[in-house]
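From just these sequences and the hints, can you work out the full model?
This note's numbering applies: residue 1 is where the sequence shown begins, and numbers increase by one.
No lab work stands behind these hints: they were computed from the structure.
These numbers come from a predicted model, not from an experiment.
A virtual CB, placed ideally from N, CA and C, is assigned to each residue, including glycine.
Each hint should be verified, as a subset may be incorrect.
[To be verified] Per label pair, the in silico range of CB-to-CB distance:
{"#": "1", "residue 1": "K150", "residue 2": "G107", "range": "23 to 29 angstroms"}
{"#": "2", "residue 1": "R88", "residue 2": "S209", "range": "16 to 22 angstroms"}
{"#": "3", "residue 1": "D15", "residue 2": "A106", "range": "19 to 25 angstroms"}
{"#": "4", "residue 1": "A106", "residue 2": "D189", "range": "36 to 42 angstroms"}
{"#": "5", "residue 1": "E111", "residue 2": "D15", "range": "37 to 43 angstroms"}
{"#": "6", "residue 1": "P164", "residue 2": "H44", "range": "25 to 31 angstroms"}
{"#": "7", "residue 1": "P201", "residue 2": "V91", "range": "38 to 44 angstroms"}
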Amino acid sequence: MSSPSQPRTLMCPPDHYGIEYEINPWMNRSRGADAALASRQWRHFYDTLVGLGVRVELMPPQPGLPDLVFTANAGLIFHGMFLSSRFRHEVRARESPHFDEWFAGAGFRVEHLPEEMFHEGAGDALFCGDTLFAGYRTRSDATAHQWVGKFLGVRVLPLELVNPRFYHLDTCFCPLAPGVALYFPEAFDDYGRRVLHTHVPTLIAVAESEADRFGCNAVVVGTTVIHNSRCPKLATDLTHAGYRPIEVELDEFLKAGGSAKCLTLRLDGEEAAGWRYGPKPG
Numbered sequence: 001m002s003s004p005s006q007p008r009t010l011m012c013p014p015d016h017y018g019i020e021y022e023i024n025p026w027m028n029r030s031r032g033a034d035a036a037l038a039s040r041q042w043r044h045f046y047d048t049l050v051g052l053g054v055r056v057e058l059m060p061p062q063p064g065l066p067d068l069v070f071t072a073n074a075g076l077i078f079h080g081m082f083l084s085s086r087f088r089h090e091v092r093a094r095e096s097p098h099f100d101e102w103f104a105g106a107g108f109r110v111e112h113l114p115e116e117m118f119h120e121g122a123g124d125a126l127f128c129g130d131t132l133f134a135g136y137r138t139r140s141d142a143t144a145h146q147w148v149g150k151f152l153g154v155r156v157l158p159l160e161l162v163n164p165r166f167y168h169l170d171t172c173f174c175p176l177a178p179g180v181a182l183y184f185p186e187a188f189d190d191y192g193r194r195v196l197h198t199h200v201p202t203l204i205a206v207a208e209s210e211a212d213r214f215g216c217n218a219v220v221v222g223t224t225v226i227h228n229s230r231c232p233k234l235a236t237d238l239t240h241a242g243y244r245p246i247e248v249e250l251d252e253f254l255k256a257g258g259s260a261k262c263l264t265l266r267l268d269g270e271e272a273a274g275w276r277y278g279p280k281p282g
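And the structure:
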């Protein structure tokens, strides 16, 4: 059993991971993915999380569902409830019955959005403090985010994603603590940037070259931030802000448009962000 203060996350081994279709600008079937290398990169990331005290639970991989490995998109967890995603693409919608079954078996209350709405879970909905920041346009609908806000009883601030390479919010925005976050400014329109600057007092901008390596798609455990490799400026900025950066090589997953955050789903809820498990940065 995990202790009340132990972070919990869901991952899925990449046994069936590959580039079998193209639903975002990163995917290219002709380039493909190296299955053996992906497995080694995933295992190193898994071991890094376990070494930081994270309790990692595993979703059984399924043939024909190569993106099941990106558990962040399964849904949104809030106070013991699993709000199942409603995927825009049919190739990913096939994942939902497997996630619903796993969460029901794990004791979560499984809920669903209305059929006419698209919402891709923690990929597009991230708490920073008590506010749920919500990305829309490419995968999730603004109306779905408003529905989620009313359903959960929380404040939602929708942010339009205007760069197709950053198609989920978690590719360009990463809360570190209440009022502190990483972000890639050019992923948002002017209004979205104003919203972020108004409601997140400390924003650490990620350079385009490192945003392209999904530096924002990071996992926060206390004051440790795990992110994709070869992001030296990000690592320096995190260190100056009082965090400990850890780089992991996840380039095989970048080929599908994913990295560290995409490969994890917080089982203690996205609102139970990493700062609860470590000291505040000084």
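**OP:** Please flag the earlier hints that this structure goes against, numbers listed from lowest up.
**Re:** Numbers 2 and 5 - these are the hints that the structure violates, sorted from lowest upward.
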